[in-house]
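Trainee: This is what each chain is made of:
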Amino acid sequence: MSVDSDGAAGGDVLYAAAKKIYPAAVHGRLRTIKWAVLFITLGLYYFLPFVRWDRGPNAPDQAVLIDLAGRRAYFFFIEIWPQEVYYLTGLLVVAALMLFLMNAVAGRVWCGYLCPQTVWTDLFMQVERWIEGDRRERILLDKQPWYGEKIARKTMKHVAWLMIAWWTGGAWVLYFADAPTLVHDLITHQAPLAVYIWIGILTFTTYALAGHMREQVCLYMCPWPRIQAALTDEWALNVTYRGDRGEPRMSVKTAEKARAAGAPAGDCIDCIACVHACPTGVDIRDGIQLGCIQCGLCIDACDTMMTKVGREPGLIGYDTDMNIARRAAGKPPIYRIVRARTVLYAGLIAVVGAVMTYTLATRAFQDVNVLHDRNPIAVQLSEGGIRNGYTVRILNKRTEERSFTLGVDGLPDGAVIDAVGVDQTFRDVPLVTVGPDTTRELRVHVSTQSAEGLDDSTPVVFRIVDISSGEAAIARDFFKLPQK
Amino acid sequence: MAHHEVDHVSGVTTTGHEWDGIKELNNPLPRWWLWLFYICIIWSFGYFLVYPSWPTLTGYTKGFFGYSQREAALNDVAVGASTRLAAASGLKDATLEQIQGDPKLLEFAMANGKAAFGDNCAPCHGSGATGSKGYPNLQDDDWLWGGSLDAIHQTLLVGVRSTHPDTRVNDMPAFGKDALLEPAQIKNVAGYVLSLSGGAVEGADVAAGQTVFAEQCAACHGEDAKGLQDLGGPNLTDAIWLYGGDEKSVVETITNARRGVMPTWEGRLDPVTIKSLAVYVHALGGGS
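Residue numbers (the numbering used here), protein chains in the order written: chain A, 1 to 484; chain B, 1001 to 1288.
Please keep in mind that the hints were generated in silico from the structure rather than gathered at the bench.
Short derived list, chain A residues pointing at chain B, Cβ under 10 Å:
1. V13
2. L14
3. A16
4. A17
5. M213
6. L219
7. Y220
8. D373
9. Q380
10. R387
11. V420
12. G421
13. E441
A quick note: this is a predicted structure, and the numbers were derived from the prediction, not measured. For every residue, glycine included, the Cβ atom is placed at its ideal position computed from N, Cα and C.
Let's have the full structure, built from the sequences with the hints guiding it.
Mentor: Next up, the structure:
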């Protein structure tokens, strides 16, 4: 089987070389929005690690920090412990629903405006434009032989790309350690090896994906374009070529002649500015398609041309296929953003968000986990009493040391609880000090005076109470009798 | 490959393959994908060179990296041992009470003691330290030689009826076998002893048994039969019986005596491990 590289899609080849795309510069409303999104998102990404947030002593003062070694994640006023990782699940659920909602309202908003692949590619393309010029200059430059100016410009471009990529990787690692300290360690070459490796990995992926892979990522690597096709519907706004108005396409002069002769003439002047502006190299006039990330740059490109030739802008715009059909049939277009699908998605987002906010606002700053001994389940004591052993872990989520009483309810009078290594008591139960933002595991014994009045398995409740604030937490378990 | 049927919906040619009327579109794969495939194949040859891979008649190729899973594992063990050494040195200098009072030392001693217990003690005392007939339950609060930290530590060091010169040792006479008591007397004593914990032996003269007890047994088990831990004399009034608390077992014990043995661990285990074991056993719950 031969591997042929010159065949276009649909030829008799199994493998096709990627065609290099030279997107042209675009100016317009959507381009401005995209620049704004780029500045905000990249600004957040690069500078957020340096934002400080005072949490008092015994806690880091970095606003956003994932402390893998310490097993804590910090987000401004929120501190997440490993066992609270379900908040991440909640965030992912909300994120998925947001994608669905975006799709139902206005198509691939994520792909076109927000996806990191799009944003970084946009940045890299702009750097390319500054150094090598716009579409025409770049095509000409690529055709030149390799010497002098071409070498200089290409070198400059790749160095610039690599510097951005390196900064991207550098910012990434700052989210996992105290940023100013790590920057200092990096400058003085004292940072751990893993940091340099991660910066290297992120530098490589950024440089490769945003500089070289670009639309190939969207076309061949990303699953989302396939999924979103199933989430859109006839009501969703998509970047659409209004064929009802544009066809038959012909140049301005031909259109004048056609109109003079009474023949139909569309508004599309077939200048292919939309195709040249497209970062994935598709022709929007072929309709909605996998390759279209719906960035809206063709809208700006077309509007610019329409204004130049004195025609109404909006030949390409956010519209639906249904409205094209309606207009062609002489009916007015209809738009409906509030419909079952969008209401459902928005409702689900609200519900999940409310549940998460509620649990976050009402979560306790202490907890107790109890594990009953498995072997032995119970111990016969010499004076006739019964003792059960437990492993108790007390969690203190505040950043100061706290003292908890550890009591047990559900047993007859005379039951005694004691914890190995804890000497202090408060009202006959152990008084356990737990350090700031940490846990303490204890071996705990609960003994009764006798087996009288006890079932084979008696439900008990362990209760910790912060003696200064009164905050409490409980854990349920059982008190067992020895097996006969 | 001279196939040019075009699917009229997508405008793409088909591969010519057909299954029950379903045809496959030929959307060409990107070429770089193919390159990645070739690069992966070439990459795999690198493994042959840098890692142990090919068997030879007498061994195998070692590879440029000289990597060995066994050596890597041994290295990890050595690293672990040296890490533990730092914590172990803390245990070495601390008293048993200091270990119990320091959460960090206690955590390490408990983990260390648990592992050592499983390796050395569990065969007789059971993995849960609950013992069995003849092997004391270490979870309960009944101790033959004392349940304080120091007493447990001492028992671990010297053992019971062991080869250690300072071993804990006592000798209960075999009252029946050596004809020190008549069978009837033995039955009476058994009746008396069991009556102390609420039991009874049919046909036993408890008063006569009490007399025999005062003469023969009280020296080691105490006047009140609550045991003497200095001598290792068990408490006979409680609910716990090492060799069984039924009439037959008690009569058997008086007739033939019992002599359980525990080895000395001094010299067999390092001092830190023995300390850890003492703290661990004490923390099981019976420690006094």
